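Novice: The numbering of the sequence shown is this note's numbering, which starts it at 51 and goes up by one.
One or more hints might be untrue.
[Stated by the list, open to error] Only pairs whose alpha carbons sit at most 20 Å apart, straight line, appear in this in silico EDC-like list of lysine to aspartate or glutamate:
1) Lys333 <-> Asp357
2) Lys136 <-> Asp147
3) Lys371 <-> Asp250
4) Lys139 <-> Glu538
5) Lys371 <-> Asp297
6) Lys484 <-> Asp357
7) Lys136 <-> Glu459
8) Lys242 <-> Asp297
9) Lys371 <-> Glu416
[To be verified] Across the chosen pairs, the derived CB separations fall in these ranges:
10) Gly332 <-> Gln372: 51 to 59 Å
11) Asp153 <-> Arg284: 52 to 60 Å
12) Gln431 <-> Thr470: 41 to 49 Å
No lab work stands behind these hints: they were computed from the structure. These numbers were taken from a predicted model, which means no experiment stands behind them. Even glycine gets a Cβ: it sits at the ideal position worked out from N, Cα and C.
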Amino acid sequence: MEADGRARSRLAFVVIGSIAAAMLAAGIALGLRVSGNESVVLPGAVTYSEAVAGTWQRVNPLFAGANEVDADLSALVFSGLVRVAKDGKVIPDLAADLPEVSDGGATYTFRIRANARWHDGAPVTSRDVAFTVRLLQDPDFDDPAMAEGWNGVTVETPDVSTVVVRLRQPSAPFLARSATVGILPEHLLGGKGVQALESDPFNARPVGSGPYRLESLDAQAATLAANTSYHLGRPGIDRIVLRFYPDEPQAIRAFAAGETDGLYLRGPRTRAELDEVRGVGGKSVRVVTRPVLAMLYLNNSNSLFRDERVRQALSLAVDRKQLVDEVFQGVGKVTASPVVPGTWAYDADRDTSAPDLSRARILLQEAGWTPHPTTGILVRQGQEFRFTIRTDNAPERVALANAVARQLEPLGIRATVASTTFSVLRRDFLQERKYEAAVVFWDQGPDPDLYFGWHSSQLGAAGLNLANFEDAVVDELIARGRTSTDPEVRLDSYRQLQDVWQGIQPSLVLGATGAVVVHPNWLRDAEPGVLFTSASRFVDVHRWRR
């Protein structure tokens with residue numbers, strides 16, 4: 051499960067005789083530069099093309115949560131007040147600087163850059179922000195994850211460049227989770243509600259303030275031209291083309307055949323497919339971390355898992371590198387930390403993920419578990435150490451659960467795997483906490499706040515504390531990390547949380563999932579960081595160069 055979460059034109063070339071043919075052979079496309087409402091032929095324009103699985107539906111940041119291709123295009127076309135950097139830190143976007151924080155962290159004051167412009171040349175103003183927030187608060191808006199951060203929020207616009215956001219209570223995660231939403235142009239859409247916008251022609255011909263403007267769009271591809279008036283500086287790549295394919299295998303084949311310069315894969319593929327991708331010459335293949343943690347949830351209310359020594363032993367029995375290599379085909383990150391590797395709050399020195407069966411056996415013995423002399427299965431007070439790992443029918447999660455069960459066998463622990471549909475898993479087992487252990491995926495998102503998954507206030511069927519875990523120290527650290535807007539206080543809170551986690555292991559982080567980003571070797575300054583969403587690979591797209 052990926053919770054809390056809380057996440058599209060044919061390429062047209064202007065060919066001028068043999069000169070254009072020579073440039074195309076060298077990998078340089080002649081293209082159209084769009085400035086204002088005009089297109090100008092620019093010889094030698096640089097084009098980057100990428101193969102992606104899926105297609106567009108609505109190029110609008112309000113609706114991008116349901117479709118990754120929409121999210122990709124929205125990230126290129128639109129801008130938020132702030133954006134999330136490669137390591138998860140919040141940095142200015144439309145805002146000239148990070149906001150002023152007052153009222154103990156409940157009020158944020160943003161000032162919009164003087165040079166921020168819509169693609170039609172109109173200035174971006176505070177009215178645009180207020181208009182966008184009204185849409186997010188519209189009762190007809192049906193993306194609860196996106197709307198949640200704006201519930202009960204008031205927005206004031208004392209002048210055209212100032213936005214004052216008042217929250218119901220202090221919330222440090224607000225910036226990374228909510229203030230990044232793409233802002234819509236009030237001067238073009240004012241007076242329209244969410245229902246009208248759902249089918250508005252704007253979604254196929256959007257006008258944004260981002261680094262690229264949409265030049266053409268159809269079922270095969272989206273072509274975007276650099277916004278030469280972009281407030282963070284003119285992009286170094288003149289045109290970006292996203293080519294759409296029905297699924298990732300077809301995207302891989304198209305990339306391998308030379309149809310595109312680059313490729314994006316959302317997650318693990320077969321070893322043969324990855325070998326095919328790596329076999330294409332002149333490319334840089336990168337495995338990037340996603341904030342989606344593969345979890346073995348342990349129901350702490352179950353007698354098997356109440357003792358933290360048992361939970362520690364299970365963690366020490368798991369070979370996470372083997373899981374990432376064999377189940378995820380290397381497309382993932384070895385970690386035992388609830389804080390995502392590669393983010394500003396993560397500390398590798400506090401991430402102990404190496405297996406240690408000898409230590410695991412000692413801990414189990416201290417907890418009263420000893421091997422049966424005949425079967426070798428651990429027994430305590432007549433009870434064998436047997437349990438069921440629940441998961442959904444997704445092949446990678448079933449494979450992960452089975453791999454964990456095999457790794458526990460040398461300790462004398464017997465785990466069986468039972469899979470079902472995700473809806474049944476959630477309704478009958480997770481929500482009711484009627485399970486012993488479960489393999490699910492948890493989307494931590496762009497902020498390290500652990501409140502929803504691990505704070506004791508989230509116990510019960512209405513909350514997401516799936517492990518039935520309760521600890522006063524953890525509660526205090528989580529509360530401090532999510533309410534303080536002091537970066538050093540937050541950093542200290544999450545580092546202490548990582549220490550506490552290693553000691554008590556509320557559940558097992560089996561690893562972080564990953565994605566594959568492939569770029570041509572000629573593309574510079576494009577190395578991705580943590581992929582908080584698929585669109586995160588474009589966070590610094592204006593800095594890309596040939």
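Novice: Run every hint past the structure and note whether it holds.
Specialist: Now the hints, each set against the structure:
1. Lys333 <-> Asp357: Violated, because 50 Å separates the two Cα atoms, which is more than 20 Å.
2. Lys136 <-> Asp147: 18 Å, holds
3. Lys371 <-> Asp250: 48 Å, violated
4. Lys139 <-> Glu538: Holds, at about 13 Å.
5. Lys371 <-> Asp297: 28 Å, violated
6. Lys484 <-> Asp357: Satisfied, since the Cα-Cα distance of roughly 19 Å is no more than 20 Å.
7. Lys136 <-> Glu459: 39 Å, violated
8. Lys242 <-> Asp297: Roughly 35 Å separates the two Cα atoms, so the pair is violated.
9. Lys371 <-> Glu416: Answer violated: lysine 371 to glutamate 416 is near 27 Å, above 20 Å.
10. Gly332 <-> Gln372: 51 to 59 Å: 32 Å, violated
11. Asp153 <-> Arg284: 52 to 60 Å: 38 Å, violated
12. Gln431 <-> Thr470: 41 to 49 Å: 31 Å, violated
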